[in-house]
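Chemist: Protein sequences, first through last, are from chains A and B.
Each residue of the first sequence is one higher than the last, beginning at 1 in this note's numbering.
Each residue of the second sequence is one higher than the last, beginning at 157 in this note's numbering.
Calculated from the structure, these hints are not laboratory results.
Where a beta carbon is used, it is the ideal one built from N, C-alpha and C, also for glycine.
Hints are not guaranteed to be accurate.
[As the list claims (entries may be wrong)] Per the computed footprint, the stretches of chain B lying under chain A, defined by three or more beta-carbons under 8 angstroms from a beta-carbon of chain A, are: (1) 167 to 180; (2) 205 to 215; (3) 238 to 248; (4) 257 to 264.
[Stated by the list, open to error] Sample of chain A residues facing chain B (criterion: CB under 10 angstroms; computed from the structure): (5) 3; (6) 5; (7) 23; (8) 70; (9) 82; (10) 94; (11) 95; (12) 96; (13) 98; (14) 139.
Below are the chains, spelled out letter by letter.
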Amino acid sequence: MSWMYAEDLKPGMEFRFGRWPMTEEDIISFAKVFDAQPMHIDPEAAAAGQWGGIIASGLHTMSIYQSLLVDALWNDVVGKAGRNVNGRLRRPVRPGMVLTGKATVLGVTPRPEKGDAILELRSELVDEGSGEVVCIVEADAVLLMRPASGAPRAAH
Amino acid sequence: MLYAEDLAPGREFEFGSMTLSESDIVEFARQWDPLRIHTDLAYAKDGPFGQVIASGLHTLCVFQRMMVDAFGYDIAHKAGHKLELKFLRPVVPGTTLSARCRIQDLTLRPERGDAWLTMHSDVIDQNDHVVLAIGMLGVVLMRPE
């Protein structure tokens, strides 16, 4: 496959995410390392709490977003650096859900003087079963523009 | 236990000290952000930083870990709704991270027994450079009657 540069991305392009099944075991093991709050790690306390059971750490959901986005898009893009990420957690993520979704290109603003471009992306993570959006992430990143020679950069 | 009433705007907290090794950085990124700049030592050596850099997500997760370590469940936290992240500097192996948080705004909702909380956090390195700025809007519980 060929690498994508900023010129290859146009507003409205969509990149479909794969599927990510959520298990209670995974939710607990992620949260034990990074976000050890009872609603994420303690099934009994969580069952008695406001959500009625274990829910995923928002950071776990954001990590799954990033992993799905790497597979769907970033792996194929030359030279990129994240700048800003805005995440909104819309609904609790529970064991048994399967997360999927898509990323949509909102805009690409070239900076020819720097040989790069700012990419704006909007991603939705969706619970496959209900179709409900659980998380929305808007992000921008710096991408390289295609070198004049057409030769791939040493960076890749 | 800290409740909404304890989180007055202007209040500041400093906490944490965690050093990220090269293997911490690679291991996290292999799982969650498998880009070569985070996972491939030989590739990163020839790149702009001369070594791997941590996934921004890793820095965020370490921040949360330091916050939970510092406060445990002492903040009656209900839900995080919104995160605004600005990645300002690369985090290289050997960086020691800590954090500073400032309560910016608090809006009590007595009818619901909770409050909207707006907090700004800076994740800083051992040279006091901000590597990640975090804006957070969340809901915290009010003290039970």
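Chemist: Each hint: holds or not?
Modeler: Hints versus structure:
no.	hint	result
1	167 to 180	violated (count 0)
2	205 to 215	holds (count 3)
3	238 to 248	holds (count 6)
4	257 to 264	violated (count 0)
5	3	violated (12 angstroms)
6	5	violated (16 angstroms)
7	23	violated (15 angstroms)
8	70	holds (6 angstroms)
9	82	holds (5 angstroms)
10	94	violated (14 angstroms)
11	95	violated (18 angstroms)
12	96	violated (20 angstroms)
13	98	violated (18 angstroms)
14	139	holds (9 angstroms)
In summary, the numbered hints that this structure violates are 1, 4, 5, 6, 7, 10, 11, 12 and 13.
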